[in-house]
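Kindly produce the complete structure, drawing on both the sequences and the hints.
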Amino acid sequence: MSSHTVRHTICSPVDTVPGIPEGSLYGRPVPEAKTIMFNSVPKCGSRTLVWVFWDFVRQFATPDPVYIEYMLSIREYEKSISKIREQLAEQTRPGFIHGHYRYAELPENERPVFASMIREPLSRYISWYYFMRHGDADMNKTQLLKNLGPHAARPNETLDECFHNNRADCKEPFYYELNVRLFCGYDPQCDKNPQYALNKAKENLEKYMVIGLMEEYEDTLKVMEKLMPSMCGGAVKTYRDMLGQSAQNSKTTFKKKPSKEIETYLKEKLKYDIEFYEYVKDRFHKLKDQLGIGSTPEC
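Quick note: to get our numbering, add 1120 to the position in the sequence shown (first position is 1).
EDC-like cross-link-like pairs, simulated, lysine to aspartate or glutamate; straight-line CA separation at most 20 Å:
| no. | residue 1 | residue 2 |
| --- | --- | --- |
| 1 | LYS1408 | GLU1338 |
| 2 | LYS1327 | GLU1142 |
| 3 | LYS1320 | GLU1196 |
| 4 | LYS1357 | GLU1338 |
| 5 | LYS1391 | GLU1292 |
| 6 | LYS1389 | ASP1280 |
| 7 | LYS1154 | GLU1228 |
| 8 | LYS1408 | GLU1418 |
| 9 | LYS1203 | ASP1307 |
| 10 | LYS1408 | GLU1240 |
Think of the hints as simulated: they come from the structure by calculation, not from any bench.
Below is the structure:
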């Protein structure tokens, strides 16, 4: 960071947070600058955060954010670990690494600061379905359609029609259990046993500085500012400055609310992700209280 540049933080940083369980990293302040690894959950607002960190390059002369390719398949464990360790080793200064990959256990001496953000699962699923067929202002629809498999719902099919036509991407368990599988990691049991995946995802939460909520985007950034001002200071102000444009660019072009029948069916299928979301939300709200976020008009 340039010597003449001062980061403008909305909320005052903290040195300690009361009530953090021994051995847990969740909600624990990180006083020194370290690389942040942000595993992006599809359709949970990660592109906006990446834009914030790209703006930090302009404001504070930070390293360019590093993108790791899409590696959510359980079969990509070795490739994922290799790529993550490679990118961490190449960091000459603390930076921001992001991408769609699962939680990956690393040796303690190589471990970065983990952070992420999730979204109410039914809302995320609906947004993902229509995004893959219609795109948004930032993502080309034609390119996205090339990623649809031969048995996937067609571009003009609504979510209800996808189910009624028995399309593959509306029946695949991977899409219903995305959160628990992603935060569970690359253990084969994460895909075979959803209850195991849920329990392991809750356990792995303790290895993150924070897992925030897309519905409480600004508060998530406030938490990051307070816990790690050396890397996240200025995030709230930058987000506010770009809010209108980023929201417009990443808004899915077309969405249609599913019928009550399909919504009820989806909630049952998404039950593990919903339980994890509620668990994360409860922990996040407790952390906000511990940090005093919401106690003043500004913070």
